[in-house]
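**Q** Here the protein sequences line up with chains A and B, keeping their order. For the first sequence, position 212 matches number 212 in my numbering, and the numbering has no gaps at all. For the second sequence, position 187 matches number 187 in my numbering, and the numbering has no gaps at all.
Derived from the structure by calculation, the hints contain no laboratory data. A few of these clues could be false.
Claimed, not checked - As a list, the in silico DSS-like pairs of lysine-lysine whose alpha-carbon atoms are at most 27 Å apart: (1) B:Lys10 / B:Lys298; (2) A:Lys178 / B:Lys254; (3) B:Lys254 / A:Lys131.
Source: prediction; values computed, not measured.
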Amino acid sequence: MTTAEETAVEVVDLATTPLRELNQRLHDLAGAPGPRHWRVLNPSGAHAIACGIDAEIEVEIEGHAGYYCAGMNKLATVRVHGNASTGLAENIMSGTVVVEGNASQSVAATGRGGLVVVNGDASSRCGISMKGVDIVVRGSVGHMSAFMAQTGRLVVCGNAGDALGDSIYEARLYVRGKVAGLGADCIEKELRDEHVAELRELLDRAGVEGVQAEDFRRYGSARQLYTFKIDNVGAY
Amino acid sequence: MCGIVGLFAKSPEIEARLGVHLAAMLEQMSSRGPDSAGVAVYRDPAPTGWSKLTLYSHEDDCDWAAVAGGLAEAFGGVEESVLRAKHVVFAVECEAAAAEAWVHAIHPELRVMSAGKVIEIYKEVGRPEQFVQEFRLHEFQGTHALGHTRMATESRVTTEGSHPFSTGLDLCLVHNGSLSNHNTLRRALRREGIEFQTENDTEVAAGYLAWRLREGASLEQALEGCLDDLDGFYTFAVGTADGFAVLRDPIACKPAVLAETDDWVAMSSEWRSIAVLPGAAEARMWEPEPGVVYVWEKAPVA
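Okay, chain B solo, but in the shape it has when bound:
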């Protein structure tokens, strides 16, 4: 089943309370996905010349200070954020790709959940209500965010199998549905040098987008490519540094609702999680059409 939510702030008031609203939306989607939950929050841009990584450790007693020390030695400036349930965000004075490569080489036991200038990804198994508390979602301010609640069908319930999946720098994907040609596509994408960490179908969709973007496609073109190359059911929400995009497969069995006011744009699997937003009763609301790419963007981050 799975639930998807997305929230894009159009006013400073919504930005200031982005996490509070995101938490309320995610909790409403608990019955659609009680196995695990995850969010991508776009917030707190790294200064010029810096980038951000969200790192995850399986161990409760990971020596994060040592990781920070290693990054500082390699790159100079490092800022470590507070620990949120085995996730830590590091701001590093270098390109994101360089920092990511360093983590893979020096700390292969750590998982890079996200990399970029603004994105932070947090995800974990367990009920969404619990996730919201453990990760202190209400503390987050930011410009926009995506969230996912998972009811697993295609692969195991693990932290890595939870959504969002990072698809490249500042990009992420959440998915409601299931893909049937993911094994074939994964093999094809591996030959193109795209790396996969799980047997999960959604990770293949994320890898597909990363590959198309790497080959020069715009986000819109990459999503339109999904219509030809992915076989299965899907409603996708894709987060970018500047906004988010929504796509449903041409058969459109998987639900999606969009709503907009002067203060926000929201998408969700169901109206229930939009109803909790301020001014929802007066919002313009519609159902995205099958096979049509919808995009909302802010002015690009400098």
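Extracted from the complex, chain A is given alone in its bound form:
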């Protein structure tokens, strides 16, 4: 049974409604009834739109978003019909965040779960310190992407900038195009069948078509830095 409230689309115009009011209404949906489908009009690059949601809802943002859009997201699907600024889906826990255009630096920084899809390019530091989030970028990523990436998967259909995966831990990086340079302790690794299967599943979930999983190269940690040496375990 779905109620009328659950199927209706709640429209919020940020030209007339304060952003805090929108975010408060979204926060109030945690474990509570209320509209499940939201459309946000006139975002005009405002910061922290749809931040901190903890409910299985869908939010469509009709325009460009500012800093930290959909930060700390749990359960929700947030779609930006435009570009997103710095810190998209920062510390995402679960759910899905999709950007139709480009995203600025630090996409899904420290993200712990869920899926982030950038259909254009992402800028520098994409997936910095990622801790379990999956990121799929249809275009290219900038320099220092996946810096200190701990777990999760970063899929780049285009090219990667300089110092990819610097000081990486256990995250898996897949790049289809050119890599300008690998960071400290990041190396290319064999693309085995289980990786191709994993890639197919990620591309499929991200809705990326016309891209062959076999065309990617895999990168990961050489495990040669200080933290990986058994002799240093006493230091921790």
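Guided by the hints, dock chain B onto chain A, whose structure is given.
**A** Using the frame of chain A, we list chain B on its own:
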């Protein structure tokens, strides 16, 4: 933090309302820089044989008529513009350098904010919204403009420490970031004869560009030199008589967004201040790459 905006008109409609758009963009950047604000507007070219100076007085009751009289006596033709919050633009019938030298010698109490054929620089401490009103920004027509909102880190909040900094005739610089080798570089540039008025880091970047240009570098070469010689964080926007240029340091922590339509090219620290422009929703938008010089220019002013 600081906010930067730049607007380059590609249509007469945008030129006619340049100040209105610039004001809207600057107000959006208020939260990034509430300490002071400033703009460089490229407008109203001086006739052949003339040049323009923007002068600033600390005093409310500066005798601008006397300054105009002195300039007229020294150079012949002088036209004085309306007073905008302690700033007055003079068109003078001589080379800009000669007029500037005269001001330094005869009126050392005045500050030359800009000199050239088309540039006018206005800057002041206080909130950007207040700046926009006090300087009546909406009245300006022009071909292009840069603006800055400042959150001071490296030096004091003063009119002189506000941006844009003039870097030479018709040239100016606005900066988001901070430089760490500015004291060393300032000493080196002083030995080369470059003059500085403040302890501000951005003024050193402006002086560096002026020095490189004086030594024969193109604007592009001078900006590329920044990548080797400046240590610190920066997004720069540089205004010239014909257009503007943008450069981010190779680490690119400081934000920048570029957008273009058939009517304008705009740059800003954030999309918020581009969103206020007509047709912004349909604009092509991208983030400038680190360490790459971007330049937009009109056909040179004759």
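**Q** Each of the hints needs a verdict: does it hold here or not?
**A** Going through the hints against the structure:
no. : hint                : verdict
1   : B:Lys10 / B:Lys298  : 9 Å, holds
2   : A:Lys178 / B:Lys254 : 26 Å, holds
3   : B:Lys254 / A:Lys131 : 25 Å, holds
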